[in-house]
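Taking the hints into account, I'd like the entire structure generated from these sequences.
Sequence order for the protein chains is A and B.
Going by this note's numbering, the first residue of the first sequence is number 1, and it counts up by one from there.
Going by this note's numbering, the first residue of the second sequence is number 367, and it counts up by one from there.
Take the hints with a grain of salt, since some may be wrong.
[Unchecked claim] Quick partial rundown of chain B residues pointing at chain A, CB under 8 Å, derived from the structure:
1) 390
2) 394
3) 398
4) 401
5) 414
6) 415
7) 418
8) 426
[Said to hold, decoys possible] Here are the simulated distance ranges between beta carbons:
9) A/24 to B/397: 34 to 40 Å
10) A/138 to B/409: 23 to 29 Å
11) A/113 to B/410: 43 to 49 Å
12) B/426 to A/51: 19 to 25 Å
13) A/69 to B/406: 29 to 35 Å
14) A/364 to B/404: 45 to 51 Å
15) B/376 to A/3: 37 to 43 Å
16) B/404 to A/71: 36 to 42 Å
Simulated from the structure, these hints should not be mistaken for lab results.
Just so it is clear, the structure is predicted and the values come from calculations on it, not from any experiment.
Cβ coordinates follow ideal geometry from the N, Cα and C atoms, glycine included.
Below are the chains, spelled out letter by letter.
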Amino acid sequence: MRRIAVVGGSIAAVTAASWLRVRGFEGTVTLLSAETEQPYTRVPLSKTVLSGEATDASTALPPLDDSVDVRLGTRAVSLNTRARRIVIDNGEPVPYDGLVIATGGRARRLSPPGMAGEKVLRTLADCAALREDLARAHSVLVIGAGLLGMEIASTCRTLGLQVTVVDRDPPLRRVLGPVLAQVITDAAREHGVVLRTVPGGVRLVGSRTLEGVDADGDFLTADVIVSAVGDVPAVDWLTGSGLRLDRGVVTDSRGRVANDIVAAGDAAVVRGVGRRPHWTNAVEQARVAADALLGEDVAGVALPSYFWTNQFGVEVKVAGEPAGLGEPDMVDVDGSSMLLRWSAGAAATVNHTVPVRKLRQLASAT
Amino acid sequence: MTVSIELIPGRCEGHAVCEAIAPEVFRVDDDGMVQLVPDSDHDDATALAAVRSCPVAALRATS
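Below, the structure written as structure tokens:
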């Protein structure tokens, strides 16, 4: 294998490119990113970058070294696996011997094409546009009470905006389970956020421009309307490639998709496991996938997954996936700090300092 | 080693992604913040991969 192409520009792509060098691959590594910015972290976008406390530039990841050919503003539009060729948006073919698919996801939108007014937050450009809108606004309506939507709500409160969050489920319940979700929900209310649960879902109101939503007969609107309703794996360019797509490109536990093709990060759906669109997972999948591409038989990561959120003064760190596990078996409360454990394989902290290594070990201990 | 690594003050949130990649270079201590392992003997490429993996861009490498 002489030439490896990494398609994508975010953390899974950067990690895969880095890791190929760690493993001693000396051939050509080309990274094709559709975005025009150098690879950056999206993690602070909903928080300090949206509030203006941190600059856009502070999100830049330390650059890849010169041995990786980074091509920005270069969108892959199709893949021919038989000819081992990617075609990019200017029609140019990019040949490869090995391929890493790490195209991530894009924000899911609720409004139909042609309707303006629905803001989303996924990219640095989205963040800059939303920040500008918020600077002129008094109120914001957030559609979607998952991690991202609630983080946006928290930031908007620090900016002094009136904030309403609407979702068909109670806030954060699907991702954190009832106990952790309640802790943050209480904090959000104390911070003055109006939370609306509409089990039937909302209906968009507007024709050319989104004016608001119909929530069980109530019309909700605000100066800015932002949706945070999940992401869509960016695998459109793989349509017709013959690779198996199922809300993402399907991989085995080592990230393998087909001969000499691997995938990692938000674009990848692991057979039997599904998608885990979190930072830590993208990093770990990318390392395993790079190893697999080079034919190294390295086992996948044994520890439970890890993710976190920071909002309304509450810092939550989670190992494993507690959402489906109901009430924790152990809750250790000390003032506003908590340590929780589910014996089925999860652990979490709330405003509590435990090294993440130990938290993940606690989650996996039986 | 030819690469030297520093922490950008005030950014670390203790997510320990760097430690998972390069435990010989990074150690998250009991107060939850990353520390550089003194005089670590490490592979530069691995250390750089760890530096690039920080979700809050708290690490910097200079050579």
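Hinted contact residue 418 of chain B with chain A - closest CB pair below 8 Å: 5 Å, holds
field: Hint check: 8 Å Cβ-Cβ cutoff, residue 390 of chain B to chain A
entry: Hint on residue 390 of chain B: violated, closest Cβ of chain A at ~13 Å, above 8 Å.
message: Holds or violated: the 37 to 43 Å window for the beta-carbon distance between residue 376 of chain B and residue 3 of chain A?
response: Since residue 376 of chain B and residue 3 of chain A have Cβ atoms about 41 Å apart, the given range 37 to 43 Å holds.
message: Using the nearest Cβ pair, does residue 394 of chain B come within less than 8 Å of chain A?
response: 4 Å, holds
query: Could one say that the CB atoms of residue 404 of chain B and residue 71 of chain A fall in the range 36 to 42 Å?
result: 39 Å, holds
- request: Would you settle whether the hint for residue 426 of chain B is holds or violated, based on the nearest Cβ-Cβ distance to chain A being less than 8 Å?
  value: Since the shortest Cβ distance to chain A is 6 Å, the answer is holds.
Range agreement (Cβ of residue 406 of chain B with Cβ of residue 69 of chain A, hint 29 to 35 Å): 30 Å, holds
- prompt: Can the suggested window of 34 to 40 Å be confirmed for the beta-carbon pair residue 24 of chain A and residue 397 of chain B?
  reply: Because 36 Å falls inside the window, the suggested range holds.
- prompt: Does residue 401 of chain B pass the interface check with chain A, least Cβ-Cβ distance below 8 Å?
  reply: It is violated, given that the least Cβ distance between residue 401 of chain B and chain A is near 11 Å, above 8 Å.
- request: Tell me if residue 414 of chain B is really an interface residue toward chain A, meaning its C-beta lies closer than 8 Å to one of theirs.
  value: 6 Å, holds
task: May I ask you to test the interface hint for residue 398 of chain B with respect to chain A, counting a Cβ-Cβ separation under 8 Å as satisfied?
output: 4 Å, holds
query: Does 43 to 49 Å hold as the CB distance between residue 113 of chain A and residue 410 of chain B, or does it fail?
result: 48 Å, holds
When held up to the earlier numbered hints, the structure conflicts with 1, 4, 10 and 14 and fits the remainder.
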